[in-house]
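K.L.:
Chain residues, written in single-letter form:
Number of protein chains: 2
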Amino acid sequence: MTEAVPVQKFDATVAGLYLADGDDFVSRSVSRLDLELAGISGDIHAGISRKSGAREPWYPRGTIMRNERQLSILSVAELAEVAIAMGIDRLEAEWIGANIVLDGVTDLSRLPPRTQLFFASGAVVRIDGDNGPCRDAGGAIARNIAGREGLDRAFVSAAKGRRGLVGWVEREGKVAVDDEVTVRIWPQKLYRIK
Amino acid sequence: MTEAVPVQKFDATVAGLYLADGDDFVSRSVSRLDLELAGISGDIHAGISRKSGAREPWYPRGTIMRNERQLSILSVAELAEVAIAMGIDRLEAEWIGANIVLDGVTDLSRLPPRTQLFFASGAVVRIDGDNGPCRDAGGAIARNIAGREGLDRAFVSAAKGRRGLVGWVEREGKVAVDDEVTVRIWPQKLYRIK
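First to last, the protein sequences are chains U and B.
Mind the numbering: the first sequence is residues 5 to 198 in my numbering, read in order.
Mind the numbering: the second sequence is residues 5 to 198 in my numbering, read in order.
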């Protein structure tokens, strides 16, 4: 087993699209999204830059930084796995603020940084990397499921390694449900300090 | 040997800084650079967006895309290795359009996508990934070294895997020669299509 992998490419499908145009990260199902260089038109996470938060402990909170987290991308398979791990019947993508849910990608959250998603329209998203589960998203799940204690914490542990990806718009275009998407993974090689 | 590597961090030094403010990619030595979210102030590669070129065969040439190639980052060690491989006495960073040359990084070109460079001032650069050698840069070397044929092609082969990195400004700030920089590498895991 070598520590290098050449370019890989495969096709997947857009299973769902969601827009967070309310007053928090929770999104709602839509039939298409308009991707612009600043992100998803009308979405709470749109912007060329953003303010840092708890995910960037190396910055004072509120530091202006380039926005590499314009979109949240999940997979049908990982949503189902997390629901099973939490012991709940269903986990809706919008509860945890998804923008794009893909079908046909194994281990979506493990797609490496720099991976490109080429949508049928010509729109392209570049992946920054995996997302980390947080209790805020877990809390949104808890609000939708009655009679279960501690679902916020349960989400953090159940979603570890399968909370999906974040990324940014590389090329503008529209995306529609059922569109094909080609996933292109750059050559990989592990780096170890010698 | 597992296929996963945890977070790694180490310190390096800014050995040289260069600005490409002429009419092509060739840069000139400067004592400091002003990093803005759009890139290096005054540099030919600055911009929130850019036009695609030969490096993006998946786009019609001239397609507007977000600029993930604002800066060219090289290392003292790889510059020396490439010079030896080409059989030339010296390879100046500015000939091939470097912006930042680092000292103290082993195998710089292999640093993975998403790696962050934290400069002493607070400026932060995020790495998109490794750069590919091209004959234009090789041609600039040839113009500086008399009496040697084919240096443009020789560069392409000698610089393979050691042409440095490209990246973009995540947080604004100034960078000066001799500044310390902390390199932070995210956890790595190889992705293979099953």
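Please note that the accuracy of each hint is not assured.
Residues on chain U that point at chain B, a partial pick, calculated with CB under 7 Å [claimed, not checked]: (1) 11; (2) 12; (3) 14; (4) 41; (5) 48; (6) 53; (7) 54; (8) 55; (9) 59; (10) 73; (11) 80; (12) 116; (13) 192; (14) 193; (15) 195; (16) 198.
Mimicking PhoX-like on lysine-lysine, the simulated pairs with C-alpha atoms at most 25 Å apart in a straight line are [said to hold, decoys possible]: (17) U:55 - B:198; (18) B:13 - U:198; (19) B:13 - U:13; (20) U:55 - B:13; (21) U:198 - B:178; (22) B:198 - U:193; (23) B:193 - U:198; (24) B:178 - U:193; (25) U:193 - B:193; (26) U:164 - B:198; (27) B:193 - B:55; (28) B:55 - U:13; (29) U:13 - B:193; (30) B:198 - U:13; (31) U:178 - B:55; (32) U:193 - B:164; (33) B:193 - U:164; (34) B:193 - B:164; (35) B:13 - U:164; (36) B:13 - B:198; (37) U:178 - U:13; (38) U:13 - U:198; (39) U:164 - U:193.
Keep in mind that the hints were calculated from the coordinates and are not lab data.
Ideal placement from N, C-alpha and C gives every residue a C-beta, glycine not left out.
K.L.:
Run every hint past the structure and note whether it holds.
P.N.:
Comparing the hints with the structure gives:
Hint status for residue 11 of chain U relative to chain B: violated, with the closest Cβ pair at about 11 Å, above 7 Å. Proximity of residue 12 of chain U to chain B holds as hinted, the smallest CB-CB distance being about 5 Å (cut-off 7 Å). Of the supplied interface hints, the one on residue 14 of chain U holds, with its beta-carbon coming within about 6 Å of a beta-carbon of chain B, less than 7 Å. This hint holds: residue 41 of chain U has a C-beta 5 Å from the nearest C-beta of chain B, less than the 7 Å allowed.
With a cut of 7 Å, the hint placing residue 48 of chain U at the interface with chain B is violated, because the nearest CB-to-CB distance is about 20 Å. Hint status for residue 53 of chain U: holds, given a least beta-carbon distance of 6 Å to chain B, under 7 Å. The criterion of a C-beta within 7 Å of any C-beta in chain B is not met by residue 54 of chain U, whose closest approach is roughly 11 Å, and the hint is violated. Hint status for residue 55 of chain U relative to chain B: violated, with the closest Cβ pair at about 11 Å, above 7 Å.
Against a cut-off of 7 Å between C-beta atoms, the interface hint on residue 59 of chain U is violated, since the closest Cβ of chain B lies about 12 Å away. Given the 7 Å rule on beta carbons, the hint for residue 73 of chain U is violated: about 11 Å separates it from the nearest Cβ of chain B. Residue-level restraint check for residue 80 of chain U is violated (minimum Cβ-Cβ distance to chain B is 16 Å; threshold 7 Å). About 5 Å separates the beta-carbon of residue 116 of chain U from the nearest beta-carbon of chain B, less than 7 Å, and the hint is met.
At a threshold of 7 Å, the smallest CB-CB gap from residue 192 of chain U to chain B is about 5 Å, leaving the interface hint in force. The interface hint given for residue 193 of chain U holds, since its Cβ lies 6 Å from the closest Cβ of chain B, which is under the 7 Å cut-off. Because the beta carbon of residue 195 of chain U sits about 5 Å from the nearest beta carbon in chain B, less than 7 Å, this interface hint is met. About 5 Å separates the beta-carbon of residue 198 of chain U from the nearest beta-carbon of chain B, less than 7 Å, and the hint is met.
Only pairs whose Cα atoms come within 25 Å are accepted, and residue 55 of chain U paired with residue 198 of chain B is rejected, the gap being roughly 38 Å. Under the criterion of a C-alpha separation no larger than 25 Å, the hint pairing residue 13 of chain B with residue 198 of chain U is consistent with the structure, at around 12 Å. Only pairs whose Cα atoms come within 25 Å are accepted, and residue 13 of chain B paired with residue 13 of chain U is rejected, the gap being roughly 31 Å. Pair hint residue 55 of chain U plus residue 13 of chain B holds up; C-alpha atoms about 24 Å apart against a cutoff of 25 Å.
Using a Cα cut-off of 25 Å, the hinted pair residue 198 of chain U and residue 178 of chain B is violated, with the two alpha carbons roughly 30 Å apart. A distance of roughly 18 Å separates the Cα atoms of residue 198 of chain B and residue 193 of chain U; the hinted pair therefore holds under the 25 Å criterion. Our distance criterion of 25 Å between C-alpha atoms is met by residue 193 of chain B and residue 198 of chain U, whose separation comes to about 18 Å. Annotation: proposed proximity of residue 178 of chain B to residue 193 of chain U is violated, straight-line Cα distance about 31 Å (limit 25 Å).
At roughly 9 Å between alpha-carbon atoms, residue 193 of chain U and residue 193 of chain B fall within 25 Å of each other, so this suggested pair holds. As the CA atoms of residue 164 of chain U and residue 198 of chain B are separated by approximately 21 Å, the hinted pair is consistent with the 25 Å bound. Distance hint between residue 193 of chain B and residue 55 of chain B is unfulfilled; the C-alpha atoms sit about 32 Å from each other, more than 25 Å. Restraint check for residue 55 of chain B and residue 13 of chain U: satisfied, since their Cα atoms lie roughly 24 Å apart, inside the 25 Å limit.
Only pairs whose Cα atoms come within 25 Å are accepted, and residue 13 of chain U paired with residue 193 of chain B is accepted, the gap being roughly 18 Å. Taking the CA atoms of residue 198 of chain B and residue 13 of chain U, the gap is about 12 Å. The hint holds against a cut of 25 Å. A distance of roughly 20 Å separates the Cα atoms of residue 178 of chain U and residue 55 of chain B; the hinted pair therefore holds under the 25 Å criterion. Straight-line distance between C-alpha atoms of residue 193 of chain U and residue 164 of chain B comes to about 14 Å, which keeps the hinted pair within the 25 Å bound.
Taking the CA atoms of residue 193 of chain B and residue 164 of chain U, the gap is about 14 Å. The hint holds against a cut of 25 Å. Restraint check for residue 193 of chain B and residue 164 of chain B: satisfied, since their Cα atoms lie roughly 23 Å apart, inside the 25 Å limit. Among the hinted pairs, residue 13 of chain B with residue 164 of chain U is consistent with the structure: their alpha-carbon atoms are about 23 Å apart, no more than 25 Å. In summary, the hint linking residue 13 of chain B to residue 198 of chain B is not supported, as the alpha carbons are separated by about 31 Å, beyond the 25 Å threshold.
Under the criterion of a C-alpha separation no larger than 25 Å, the hint pairing residue 178 of chain U with residue 13 of chain U is consistent with the structure, at around 22 Å. With a CA separation close to 31 Å, the supplied pair residue 13 of chain U and residue 198 of chain U exceeds the 25 Å bound. This hinted pair checks out: residue 164 of chain U and residue 193 of chain U have alpha carbons roughly 23 Å apart, not beyond 25 Å.
In this structure, the earlier hints numbered 1, 5, 7, 8, 9, 10, 11, 17, 19, 21, 24, 27, 36, 38 are contradicted, and the remaining ones agree with it.
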